[in-house]
Structures are given as C-alpha cells and as structure tokens.
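Top to bottom, those sequences are chains G and V.
Residue 1 is where the first sequence starts when you use UniProt numbering, and the numbers rise one by one after that.
Residue 1 is where the second sequence starts when you use UniProt numbering, and the numbers rise one by one after that.
Hints were generated in silico from the structure; no laboratory data involved.
Incorrect hints may appear among the rest.
Claimed, not checked - A few chain V residues that face chain G, going by a derived Cβ cut-off under 10 angstroms, partial list only:
# : residue
1 : R46
2 : R68
3 : V116
4 : P119
5 : F121
6 : Q166
7 : P220
8 : F228
Just so you know, even glycine gets a beta-carbon here, dropped at the ideal spot from N, CA and C.
Below, each chain spelled out in residue letters.
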Amino acid sequence: MYLSRVLLNPSRRGTGRFLASPQAMHAVVLASCGPDAGGVDQAGRVLWRVDRPEKHRIELYVVSPEPPDFTGLIEQAGWPTRATWDAADYDPFLQRIEAGQSWRFRLTANPVRSVSAGEGKRGKVTPHLTRRHQEEWFVSRCQHWGFEIPTRGDEADGEPVRALELSGIGLAEFGRSDPDSGRRGRVSVTRVTYRGELTVTDPDVLRRALTSGIGRAKAYGCGLLTLAPT
Amino acid sequence: MSVLLLRLAAPLQAWGDSSRFTRRETRPEPTKSGVLGLLAAAQGRRRTDPVEDLAALRFGVRVDQPGRIIRDFQTAIRISDGAVMPLSYRYYLSDAVFVAGVEGDAELLRGLDEAVRAPAFPLYLGRRSCPPAGRLSLGVVDTDLESALRDADWQVSRAYRKEQGQTVHLDLLADASGGLPTDDQDSFTVRDVPLSFSSERREYGWRDVVRLAPVAKDNPDGHQREDFFAALGGA
Numbered sequence: 001m002y003l004s005r006v007l008l009n010p011s012r013r014g015t016g017r018f019l020a021s022p023q024a025m026h027a028v029v030l031a032s033c034g035p036d037a038g039g040v041d042q043a044g045r046v047l048w049r050v051d052r053p054e055k056h057r058i059e060l061y062v063v064s065p066e067p068p069d070f071t072g073l074i075e076q077a078g079w080p081t082r083a084t085w086d087a088a089d090y091d092p093f094l095q096r097i098e099a100g101q102s103w104r105f106r107l108t109a110n111p112v113r114s115v116s117a118g119e120g121k122r123g124k125v126t127p128h129l130t131r132r133h134q135e136e137w138f139v140s141r142c143q144h145w146g147f148e149i150p151t152r153g154d155e156a157d158g159e160p161v162r163a164l165e166l167s168g169i170g171l172a173e174f175g176r177s178d179p180d181s182g183r184r185g186r187v188s189v190t191r192v193t194y195r196g197e198l199t200v201t202d203p204d205v206l207r208r209a210l211t212s213g214i215g216r217a218k219a220y221g222c223g224l225l226t227l228a229p230t
Numbered sequence: 001m002s003v004l005l006l007r008l009a010a011p012l013q014a015w016g017d018s019s020r021f022t023r024r025e026t027r028p029e030p031t032k033s034g035v036l037g038l039l040a041a042a043q044g045r046r047r048t049d050p051v052e053d054l055a056a057l058r059f060g061v062r063v064d065q066p067g068r069i070i071r072d073f074q075t076a077i078r079i080s081d082g083a084v085m086p087l088s089y090r091y092y093l094s095d096a097v098f099v100a101g102v103e104g105d106a107e108l109l110r111g112l113d114e115a116v117r118a119p120a121f122p123l124y125l126g127r128r129s130c131p132p133a134g135r136l137s138l139g140v141v142d143t144d145l146e147s148a149l150r151d152a153d154w155q156v157s158r159a160y161r162k163e164q165g166q167t168v169h170l171d172l173l174a175d176a177s178g179g180l181p182t183d184d185q186d187s188f189t190v191r192d193v194p195l196s197f198s199s200e201r202r203e204y205g206w207r208d209v210v211r212l213a214p215v216a217k218d219n220p221d222g223h224q225r226e227d228f229f230a231a232l233g234g235a
C-alpha cells in the first residue's frame, strides 16, 4: 500500500471543481492510482481525504494499493512546475504498528445509522446530525477498528473527557449520474472530521481499518484514517 | 568497535544495485558497494586491488532526507569520434541526505577517515557525475554501528526542518549481523557486497539488510500541523 499527499493550488479552477464535487475528486483520484484502482482487494482500496490545516493550504491524502501518479491532477489543480506531491510505501509503517502504541490521528467520516423500516425490510440509512450522536458513533465503534480513545480523567458531572475533537461538520451535496442507467441524481453526505489521540489495541484490525477505510461513503472522501507521532 | 560516519549529501546521488543494459537504476538509499567504492577511491586503491578488508566492515545507513527519484533520458555522444552512445534511462536521487556508517577496527577506520579528508581520487556518490556537497566525514566514534547512527545529529538544512513536523522518524537500515535476520524484522536481500571492482570483471555478493526501528528526532523548528508522513521514515 502507498500513502500520498498532494498539495492543491487554491487559486486554480480545477481545485474548485474537485472540492465542490466529491464525485469529480473521486474520479481524478482513481485515475491517478492505476488502471485497476476501482476494486477492493485483500490488501485494501483507494481512499482519499481533503485536509485544510491552514487557511491557504489544501492537502489531499490518498491511500492506494498501487503507486500513484498524480501528474494529471497536478496539471488541473496543483503547481505543475514544482514537485508538490509525496508518495511513500505504507507497508513498513503498517508492520510497525503494535498494541499499546499511541498516535495522533485524523479521520473524516460519514456517521450514519440504519433506521428500521419494519421486520424483514432493509433499514433506511440516516445520518447522525447532532455532535453528541456523532461522537458516540465514533467512540462506540473504536474497539471494532482496533483502537481506543484514552480518557483524561473525569469532569465534575462524571462524564469522561476524551482526547477527541470534532470539527468540519458539514453536508456535501453534489450531482451524480448513474453509469449504468445514466440517471442523474443528487447525493448528500454528512461529513465529520475527528481528531485526537488513540491507543492501539488490535494491530491487525487497525491495519485493516487504515487500508480499507472506516464507515460509509468511502468513495466520497470519507473513511481515511491517518496517524502522526504524538 | 568503532564506527566511521559519513554524511552523504548532494544535488544528485545514484546507488545502483541491479542495473542492466540501458536502464541504470538507483536504490532509495546508499549501497554498501557504493560507499566502500568511495572509501577505496579515497585510499587510492586501483580497481583491481583487493577489497576484502573493506567488505568485512559492517554497514548501515540512516535516511535523514529521502529526496526524490528523478529520471534522466541520456542521449550521449562521444566527443572524440562523435559515436552515438546507447540511449539510456538513468535514475538519480535528488536532494537526499544520508548518514552512512561502517563498523570495524578503530585503526583501519581512522586511516579511512584521513583518506576521505584528503582523497587520492575524486570522490562521488554512486555515479561519477554526483560529487558530494558539504563535508563528507563526520569522524570516527567509539561505539557500535546502531547507536552511532541513532545518536548522530540530524544532517539537514534549516529550510528542510521547517517543512517537517515537531517529531521526525528517520529510517534506519543495516547489515544483518550474526546470521539470518529474525522473522519479525523487516528484511530484504540485495546483491551488494563488492568482491571485485575490476572493470574487466565486476563481481558482487549477496547481503541481508534489516530495517531497524526508525530513529525519532525532535524538531523544534518544525511546523505545528499534524504530519502524517513523519512516522513513515525519512521524514
């Protein structure tokens, strides 16, 4: 697997188009990750996320099974005359993950639940809209992804304070046409960015979460978890 | 045991270990044969002279600044008679900085240190067109290879430090010592032990390389953003 970071040029028209439509961004990311990029295999899949750590800095992170080539994306939305993307082999790092380690992390995810539509029927997928539900969605599933969020003592009312911060809560709405039927429609995805500190509990499960993604809407910039030293 | 530390920095470096025909490759880190060749050149050995004593040294390298791989499509013409040389792809590492160490007998290493400071032949980093930039030798330290590489200062410019996070993890690779590497270590094998540099018959043996736990360095000049590349090695 490979982890890449592409710097996007905020003043270019292509950047605006890609940021406005996760559908367009997904297409250009897949096109950059090799001809077989659409699939999901044992090792992992293509995942991406856009970060804006400072006002005029736009970073695109991509995880991909094959070494990517972002020349096309850079020509439309980057600085074509400068080397503005990095790609690194992810596997040596993944192999070093061990239980008990702590890392700073960042994840943009699509927190949803399924509301029952009656017995025997498929439930309706509904986004979590309140901050409390969005936090609960994440914290209650952590173990399932191979890590836990450490608590920093108790507050006065007995609620534990977690090393977790929610930001960038927002709704992405964009058009999409079905490649098979050609039907056009609207997609809306609720996105929440989770940041904080985590402790590894199950390295194998976490490796899978890092390379295969977390939650739904993985094609639309959700589910890519990245780790940084504390 | 003593260790001679070398700072390998240059606009271009090239460390081939498996190049054939018109595609001349580079590894992402210096090779043992390349560095031993540099030491032999510093001492003034001819290509046909034996290098067994150098090949017996234990070799390791730390990636301070990984650089980028660039490709040169070379269309060379021989000046003397205008003959067209084969069209070739040559790969280089640009803007990389490494700390390489060789471990062995203190007396031998001190001799090599002096030779590097006053070399008999011009020195280059893997390919003749890649002269080293800045000082090459960091001196001889009296400790083992791994701790020498771990303790050496981070050899990068202030401008580069500013682009990195507050902590960086530098990749560390070394010869597997004492037989085969254990299963839980990340290891690979390269054909990279010089047996003969003779231009008539170059010969290389195999060596096992292990990737050790990366070296964590504090970087007070670094930015405050989370750096998701910092833990991947080589900052």
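To see whether the hints hold, each was checked on the structure:
A cut of 10 angstroms between beta carbons decides the hint on V:R46: the least distance to chain G is about 39 angstroms, and the hint is violated. A cut of 10 angstroms between beta carbons decides the hint on V:R68: the least distance to chain G is about 6 angstroms, and the hint holds. A least Cβ separation of about 31 angstroms between V:V116 and chain G goes past the 10 angstroms threshold, and the interface hint is therefore violated. The interface hint given for V:P119 is violated, since its Cβ lies 32 angstroms from the closest Cβ of chain G, which is over the 10 angstroms cut-off.
The criterion of a C-beta within 10 angstroms of any C-beta in chain G is not met by V:F121, whose closest approach is roughly 33 angstroms, and the hint is violated. Checking V:Q166 against chain G by beta carbon gives a least distance of about 8 angstroms; that is within 10 angstroms, so the hint holds. Violation of the interface hint for V:P220 is found here, the shortest Cβ-Cβ separation to chain G being roughly 14 angstroms, above the 10 angstroms cut-off. For V:F228, the suggested interface contact is upheld, since its CB lies about 4 angstroms from the closest CB of chain G, less than 10 angstroms.
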